[in-house]
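> Protein chains in written order, with this note's numbering: chain A, 1 to 385; chain B, 1001 to 1639.
A portion of the hints provided could be inaccurate.
Only part of the chain A face toward chain B is listed, based on derived beta-carbon distances under 7 Å [what the hints assert, rightly or not]:
1) L182
2) F186
3) G253
4) A312
5) F336
It is worth saying that the hints were derived from the structure and are not from the lab. Glycine included, each C-beta is placed from N, C-alpha and C at the ideal position.
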Amino acid sequence: MMKPVYDFDLRDARIRTFTVRNLGHLDWFIVGFVFSLAAIGLATLHSASMSGLQAAPRYDLRQAVWLCVGLIAAGAIICTDHRFMLSLAPLMYVGALALLTVVLILGIEARGGQSWLRLGPFRFQPSEVAKIALVYMLAWYFTKAGRRIRKLRFLLLAFAIAAMPCLFVVKQNDLGTALTFLPVVFAMLFVAGCRRRHLFLVALLGAVSLYAAWPHLKEHHRERVLAFIDPAREQPKGKDYRYHQIQSKITVGSGRMKGKGFGQGTQTHLNYLPEYHTDFIFSLLAEEGGFIGAALVVGLFMALLLRALALARTCPEPSGSLVIAGCVTVLAVHAFANIAITIGLMPVIGLPLPFLSYGGSFYLTTMMCVGAVLNAPIRKGYFTG
Amino acid sequence: MTPGATKKAVHSDPNKRLRVVAVMLSIAFATLVVQLWRLQIVHGSEYFDKAKNNRLREVRLRAPRGIIYGRDEHVILADNRAACDLVLVPVDCAGVEKQVCMRLEDLVGINGDALEKRIEEYRRRPFTQLLVRQDLSMTELTSIEEFNYVLPGVFVVQRPQRRYVYGRTGGQILGWLNEIDGDELERKPKYALGDLIGRAGVELVYEPLLKGTNGYMIVSRYAAGEVQMRGGVPGPLDQALTDQFGRQVEVEETLAPEWGQSVSLTIDVALQAKAEALLEGERGAIAVLDADTGEALALASAPGYDPNVFLIAHRTEDRQRLRELLEDPDKRMRNRCYHEHYPPGSVFKLVVAVAALEEGLIDESTSFYCPGHFDLGDTTWGCWHAHGHIKTVDAIAYSCDVFFYNVGKQLGIEKINEWAARMGLGEFSGIDLPLEEKGLIPSPEWKERAFADLDRWNRAWQPGDTINVAIGQGATVITPLQAAVMAAAIVNGGKRVRPYVNQELGPQASDSYISQRTLELVQRGMRKCVDKQDPPSGTGRFAHIDGMAILGKTGTAQVVSQDLYEDLSEEKTPYEWRAHAWFVAGVQDRRPRIAVCVLVEHGLHGSTAAAPLAREIIAFFYAKRAPDYAVLAKVENAP
């Protein structure tokens, strides 16, 4: 049966590189989930800003600004044609590598890593944007490779593509970010249709190389992992690598079912748990919102990511699915690892929580991921529906 | 299509693979929810308590010690004042430590370089409060306040500080305090680190009363927050409770400290001050008792010490000062009234007289001839004067040794011991002050024990020993307080009183154990001793006050054998060889009746060194029925 004629919008018949009309074809579930999470994030940051510490910065207001910036970036991606975005992938990739090189030379050090670039009043983390570039680059590469991805050397080339920015990030001493790159490649390879045994092989190789890399890790990384494996381990004098882990568990656990109430978190507001506005913001949420609040946020993440994966199946072209799979993996890895760390399921490595953690560059990346996810399924030049 | 191809197609179908990703993602996030459930619901209460313990902290509120009052309610001997300590929090003066230290050196005279070094030591713990200077003076306090703006991280912290209002006066009675040490802390649960504990005198004996109960405040604090009490304004301590960020600390629960109970002493501080003033420059003791009740009105001892010194100094200096005081050859830590004993000399004749009269050996008319010496076997004992024929009353008044040699010889050592014990000599007086000496009245058993390593002849009791004891020589030693108790019995009609300093204890006295007839005779002798002004005058004539019935007995107790200094003039006799001067006195015709004992170490003669002091004391006590505070002005006060 013929599709109804009125479903066809003549104005869409001409394919444009950039059109605001795309904004009319959004998946409103995803938009709803994203705005819910963003609202919860801002509220949590508002609580974090109420801390009694002298001159606590208004994290919530600054984050709201970044939310706007992120929305604009996401909007721009949505309005751009997916295939055009994909064609830009190699450029993005090279650009990201260039920025990472610049950061190694000109970057400023903060929080133990040299990963920040100063742009006027802003501080900017190129490694975050590199994630998006990598997703597009891999999607581009897998599209080009097609079924050849089932050959081992094409698969290894994919790893080489991921390894480049990864090495830069490791060089910047940002182990957490570097470790997120691997699942992205892995998931996208899987969706792109490579052989399973190749994936197992790669996983094995990865495990071996991690083992080989162990002695070259920084001491605090090693100690944190060891403290996680063996909590009774004797701590070096004057330092307790278990502190974050223990205090975070206490913080989360003390929230019980209903939480201590908005702005009433004692563990966080009294500074027992540092970094409660960035990497440990989920603890603040779980302390003040209790199990209800924490499970709600986990549920929202799950709904968002599953909905995105469902969208991936409706994409008009395979590259769209790949981009969505990549973006979902980026968000999922951050969300899962961050929450797992705060509730004591993983050793402490610094990773932000999408939508909640304070930090502009990562918020931008998050919103760009959302933009890419929303952009990929939009059909142009086809009958809609 | 071959079946293999179909299988391959299925395996690489992107939609199926996306579904696999979705399933794995669901499992991962479900794990998170399970762990959240475990933490928040299953173990939620445990973590909640942990979080509570994390943030709550107990701040101890030290109980102020009870006040020690004097005899009169408006006289406070020891109280608490607000002391202001200077503390420095390194984190608050980061970057300008050097300037701050130099300024503090100028303002309060501490060692700036040493302080800088200490700040350096605390580099890792910059929130610690470093004690810079204890107990700022008012001038220092004002200058610190004045330069507050250039002294970041410098604060004034307030605490209650014991104050001995009259300083040295009564210092040995009040005792002193210092910080409790680690071992004691384990044994005494009521105490906490930094608490003060009584170490001597009333502070030691009544420690359980004076101590009070510490309170606490449960406060909510920041992770790095140290709760501090700040503010130089005297007032309730819990008013200025902040942490080092200057944030008001939230108080969750407060238990106010309980003041220690106050103790009212029987000590008449004016009399005590007068007595100490009289002993100025000497070593000696003056004990004044209410003869009827046993209340200690004054227990002066010289040289003394100011218990405030233990509180002002820092702990290490504290110990140094304590060591100096303990090793002091003047024994200024000891109250010579009860913590030292001396040979009583002729004062002991009162015991022999009472014993002989009570046993019926002598009566008023008994007379002995005194040729100035007494022979027994090969040995000759001297008398200070050849008294000729002398009767009981005169023997007391003129302190005739020969009379008492004879009486003692007839009485025998057992009777002397018995009566000395009855009158409280060689026995604890029972005063409620620590470290009382018992004294010693020699007996055959004692000699057997004490000289166990000598041959039989030397350790056996000899008749000559009894002669020595009869005039209070030989190994006989008593405390001035015991002598005062004995005098009190003669004044009050033969009752032995228990001396005490805490009014709460109340009087406690035995039934009269001396007959009225005996007392009358002894009292006549003692009156004559003081009142007989024209030659031959009584030995206690320097204690005479017109119109007052004063009883008295002198004592001049040799400390070395007389042979040593027989040929020397008094001035040339070495200080350590000079005899102790005693005078016991009582007042009969005034209320309250008092008993006085004066001892001047190496004062040469009881008659000239001790009796005038007793006269001053008695005159002072009865001249003023309201305390004369002009005397107290002479006494250096605590800061």
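> So which of the earlier hints does this model not fit?
1, 2
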